[in-house]
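Read off the chains here:
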Amino acid sequence: MAELSINENVMDLTPEGPRLKGMRCKNCNNHVFPMQKGCPKCTSDDVEEVHLGTKGTLWAWTIQGFPPKAPPYLGETDPSKFEPYGVGYVELPGELKVESRLTVADPTALKSGMEMELVGEKIGKDEEGNDLITFAFAPV
Amino acid sequence: MSDDVAIVGIGMHPFGRHEGVSGMEQGAAAIRTACADANVKWADLEFAFGGSVAAGNPDSMVSQMGLTGLQFINVVNGCATGGSALISAYNTIKSGAFDLGLAIGFDKHERGAFRVNTGKSGERDWYGGSGMALTTQFFGMKINRYMEEYGITQDALARVSAKAFRNGSMNENAWRRQALSEKEVLQSAMLSYPLTQYMFCSPGEGGVALILARADKAHKYTKNPIFLKSAVVRSRRYGSFEVLAPSLALDYADGPTVDASQKAFEAAGVGPKDIDVAQLQDTESGAEIMHMAENGFCEHGEQEAMLANGDTEITGRLPVNTDGGCLANGEPVGASGLRQVYENVLQLRGDAGKRQVPNDPKVAYTHVYGAPGISGVTILST
Ligand SMILES: [Zn+2]
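If you're matching them up, the sequences are chains A and B in order.
Heads up: the first sequence begins at 57 in our numbering, then just goes up one per residue.
Heads up: the second sequence begins at 3 in our numbering, then just goes up one per residue.
A hint or two may mislead.
Here are the simulated distance ranges between beta carbons [claimed, not checked]:
(1) K356(B) / D101(A): 55 to 65 Å
(2) K265(B) / C84(A): 22 to 32 Å
(3) E64(A) / G355(B): 55 to 65 Å
(4) E104(A) / D276(B): 45 to 55 Å
(5) K178(A) / R19(B): 35 to 45 Å
(6) Q66(B) / K178(A): 49 to 59 Å
To give an idea of the interface, some chain B residues facing chain A are shown, with a C-beta separation under 8 Å as derived from the structure [as the list claims (entries may be wrong)]:
(7) G131
(8) G142
(9) Y195
None of these hints come from the bench; they were simulated from the model.
Virtual Cβ for every residue (Gly too), placed ideally from N, Cα, C.
This is chain A alone, in the form it adopts within the complex (with noise of 0.2 Å):
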């Protein structure tokens, strides 16, 4: 069974590891991500997909103690077997501040301002027995 971006309008699978799809601003080279047509920052509809930057550092982060509703969750839902994740935003150098699970569950390995690098991480399975994969960001 082959491995499958959860989404490959928000993520490609490369050779190199996962790549996130993003809009950049022609006008004011503001970012957003996933993609969308039009720049929150000038109003321009002069906007590009690119991939995001894979490096940054931690802004704000949080632990996800609970499983979350499947639908949507795709992952571990039984109380059981549910082992918590983080979830954070992670600053990219000049594009922008990202939402990401994170690699890192415990509190004390966690401290705005650490770097941190893309990766990609299972999440669970489509209907042909593939495994999804979504990112996440860990600890450099």
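Go by the hints and put chain B with the ligand onto chain A.
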């Protein structure tokens, strides 16, 4: 500008869980109580604005209330749904179109955290599917950052919750009426670090109705009208940090609460020091803390000392969430902003019973905040 619109009748269906009672029936019960309070009949009402997010189209309630032909407009505006119904009613009277009308909000949500479906048709919901898209995560991240920045402690979070449940224990319409100690709050399950189970409100059920009239006709309906001095809703600006945002700008701007608050004070011609009682959005206890500063009642960081000092208790210098807030009442989204106004009307009338703020409060403040980055503020006076 001032004193143009009065609240002449209020009604509330208790908040909580009500098996076998629809959200709309709870709304209808609230309307009947409000009509009795204002000594008017449903047939006297010239217009209504109705808000509900999850319990059906409010205007369909005319089939149980009476087919009188009134102008009935539905309002759906995220967490400011109830507040938006009120603002619409306020502006309708101010415009001179009608003299007497209704703002009604009700809701009934499923149990557990709000389920947010962020998927587009024809593609996989990557946001909720990946385990984001939870409003609880936003509140955890925002307060976690805020605590680090301004030196707020987990004890302060626990104090807010303990106050909410203590106030809720004196409110017969509240959902959670059992007082809890700070220790019990801190020891409950960690839901979204640093927030525990008893620091969060839950989606719930309930209904609130307010009857509004032109101020110069208010005494026809009640001996103690309460005047709506301002009612403002604002959406977010570029750079603000909001709930359910897959990305944020590098720039940082104040949220819609700051904008709505400043405009509401300006329109009412009063300032934060004039407020005798305030109901502030407390989706979780950290939100109440941050909203104290965002609404202009203190500087960022001062909340720690204010809470330790009991300043926001019913007997303190700025009572906050005297009815137990969202924490003790739960959050039926369509009704929640109207509950705050209902409580302030009780406080300003002197009818709040065991939880009455002492020394005849005269000016009162409400604030809602929620998805997708929207805030509503009202200022009431005697
Ligand atoms: Zn732009």
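Going through the hints against the structure:
1. K356(B) / D101(A): 55 to 65 Å: Holds - the Cβ-Cβ distance for K356(B) and D101(A), about 58 Å, lies within 55 to 65 Å.
2. K265(B) / C84(A): 22 to 32 Å: About 27 Å separates the Cβ atoms of K265(B) and C84(A), which means 22 to 32 Å holds.
3. E64(A) / G355(B): 55 to 65 Å: holds, 59 Å
4. E104(A) / D276(B): 45 to 55 Å: Given about 51 Å between the Cβ atoms, the range holds.
5. K178(A) / R19(B): 35 to 45 Å: holds, 37 Å
6. Q66(B) / K178(A): 49 to 59 Å: Holds, since Q66(B) and K178(A) (Cβ atoms, about 51 Å apart) stay within the stated range.
7. G131: holds, 4 Å
8. G142: Holds, about 3 Å.
9. Y195: holds, 4 Å
In the structure shown, no violation is registered for any of the earlier numbered hints.
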